[in-house]
Amino acid sequence: MTCKELQHLLYSARIEDFDPAEREFLKKHLAECEACKTIFQEILKADQILASIKKTTPLIRNEHALTDSILASITNKRAEKTNTFFGRLSDMFSIQAVRFACSIVILLCGMTYVLIEYNDMKKIVILEQRLGIQHDFNRASVVLPGVNIPGFLYDYYELFNGSKTYIELTNKLILMKKEDLQVLLNGYKELDEASRKRLDKMQNQFLKDGYLKLSSMEKNEEVEKLRNEIERLKKELEQNNLKKGRQ
Amino acid sequence: MQNNKSADALVQLIEDAQKGDVMAFEKIVKDHQSYAYAIAFRFFCDEDDAEDVVQESFIRIWNHLKDFDSRMKFTTWMYKIVVNLCYDKAKSNKRRARVFAKSNDNSSKNDCVENFDIERDLTNKETAVLIKHIANGLSEKQRMIFLLRDLQDLTIQEVVDITGMSESAIKTNLFYARQNIRKKLARLEVSV
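Quick mapping for you: the protein sequence lines, in order, are chains A and Z. Using the working numbering, read the first sequence as starting at 11 and increasing by one per residue. Using the working numbering, read the second sequence as starting at 435 and increasing by one per residue.
Hints are computed from structural coordinates only; laboratory data are not their basis. Check before you lean on any hint, since a few could be wrong.
[Claimed, not checked] Restricting the straight-line Cα-Cα distance to at most 35 Å, the calculated cross-link-like pairs of lysine-lysine (DSBU-like) are:
| id | chain 1 | residue 1 | chain 2 | residue 2 |
| --- | --- | --- | --- | --- |
| 1 | A | LYS47 | Z | LYS617 |
| 2 | A | LYS65 | A | LYS37 |
| 3 | A | LYS37 | Z | LYS523 |
| 4 | A | LYS65 | Z | LYS523 |
| 5 | Z | LYS514 | Z | LYS461 |
[What the hints assert, rightly or not] Not the full set, but computed from the structure, chain Z residues with beta-carbon under 8 Å of chain A:
| id | residue |
| --- | --- |
| 6 | VAL456 |
| 7 | ILE462 |
| 8 | LYS464 |
| 9 | TYR471 |
| 10 | ASP480 |
| 11 | ILE493 |
| 12 | ASN558 |
| 13 | LYS559 |
| 14 | VAL563 |
| 15 | LEU564 |
| 16 | ILE565 |
| 17 | LYS617 |
| 18 | LEU622 |
Glycine residues also receive a C-beta, built at the ideal position from the N, C-alpha and C atoms.
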């Protein structure tokens, strides 16, 4: 190592970072080289001043005041935040009890929803039994009691393979497969006297239960057409019967 | 053992503060504000600027406490925030200095760097004058790296984590800063 290289090293590295070989070289070299020795002493003096700066911890003028002003800024910002709707909401949800209460409410709502659905399913099954329909979700399903929950309706659209016809009544919703209604109409046409009476009885029962009110089906054109068709068929049937009776 | 205990206590305080406990955060501030202040003061050599940076740093720490990665040392994370805010403040000071150039021009001319007794603890003003003198001519980065490594005694790895610079870039800047500072100090007449 030349004097220039050593001086560069002395200026740019900390003496305590020198490895043993460098220390040994330095010791030997300083004993022989006056110029490097002078620089080394200057560096020692510089390091003493640096050590003095290092050991002096800058003092905060008023620590308490600084802490207080930091905390005041935080609480002010917090107060500003809690003044907004989302701020209040997020603050509210930061409380564990609120989070727990919300979880309970969500759980209860979920359970209620399931119970309502279960109740509706039971009604469907009863209705299907009354109509003498096999419980086959892909084919049958004539009347569904609806509730005012879109999710519920959507589920049934899915379940019944995309039923097209739905009728909104005053406060009830009825879902019926168009094909099934057609089957029902054709069936009605070919029914014998006893079966027609049975069907009429069932329809009366629907009316009584408040599920099917054909007279109120005014909003859907298709259903309106079907309703007219039923009336027409009924009249036709009655006229035929009358003719038969006269003959 | 003592270190482990205090580290656990700090982790607990951070967890409490993350949940919004202001008292826990107050304890964190009290324990760490002097470290943050030391960096800011040694960088600016100005008490007002240093206090502003410390205040802003802890507000930022509070606001981002939820993002704190517990695998990182809290002080390293805090220093990172302080260092970034120092740079930001230095930038805005420069902008302001350009506007009020005349009024600030003579601020450091009367400061005398001689006749310090380095055997006793220096006052804030003396430290400020000395650092201003020795760091004069260094870039902000060189100055910051020098104070983090040689005055705050952080490891190179910590300086890498705080500044986001590569190890080699830090070493280069550090060598240049040391060389510059030592040459200035060697010429300085002080009572030792």
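Hint check results:
Restraint check for LYS47(A) and LYS617(Z): the C-alpha separation of about 15 Å stays at or below 35 Å, so the hint holds. For the suggested pair LYS65(A) and LYS37(A), the alpha carbons sit about 28 Å apart, so the restraint of at most 35 Å is met. Distance check on the hinted pair: LYS37(A) and LYS523(Z) sit about 45 Å apart at the alpha-carbon level, beyond 35 Å; violated. Restraint check: the Cα-Cα separation between LYS65(A) and LYS523(Z) comes to about 26 Å, which is no more than 35 Å; the hinted pair holds.
Straight-line distance between C-alpha atoms of LYS514(Z) and LYS461(Z) comes to about 20 Å, which keeps the hinted pair within the 35 Å bound. With a least beta-carbon distance of about 7 Å to chain A, the hint placing VAL456(Z) at the interface is held under the 8 Å criterion. With its C-beta approaching chain A no nearer than about 10 Å, ILE462(Z) sits outside the 8 Å limit, and its interface hint is violated. Proximity of LYS464(Z) to chain A holds as hinted, the smallest CB-CB distance being about 6 Å (cut-off 8 Å).
The criterion of a C-beta within 8 Å of any C-beta in chain A is met by TYR471(Z), whose closest approach is roughly 5 Å, and the hint holds. Checking ASP480(Z) against chain A by beta carbon gives a least distance of about 11 Å; that is not within 8 Å, so the hint is violated. A hinted interface residue such as ILE493(Z) counts as satisfied when its beta carbon comes closer than 8 Å to some beta carbon of chain A; here the least separation is about 5 Å, so the hint holds. Against a cut-off of 8 Å between C-beta atoms, the interface hint on ASN558(Z) holds, since the closest Cβ of chain A lies about 5 Å away.
A least Cβ separation of about 10 Å between LYS559(Z) and chain A goes past the 8 Å threshold, and the interface hint is therefore violated. Proximity of VAL563(Z) to chain A is violated relative to the hint, the smallest CB-CB distance being about 11 Å (cut-off 8 Å). Hint status for LEU564(Z) relative to chain A: holds, with the closest Cβ pair at about 6 Å, below 8 Å. For ILE565(Z), the interface hint holds, since its Cβ comes within 8 Å of a Cβ in chain A; the closest pair sits about 7 Å apart.
Hint status for LYS617(Z) relative to chain A: holds, with the closest Cβ pair at about 7 Å, below 8 Å. Among the interface hints, the one on LEU622(Z) holds; its C-beta lies about 7 Å from the nearest C-beta in chain A, closer than the 8 Å criterion.
The structure is inconsistent with the numbered hints 3, 7, 10, 13 and 14, although it conforms to all the rest.
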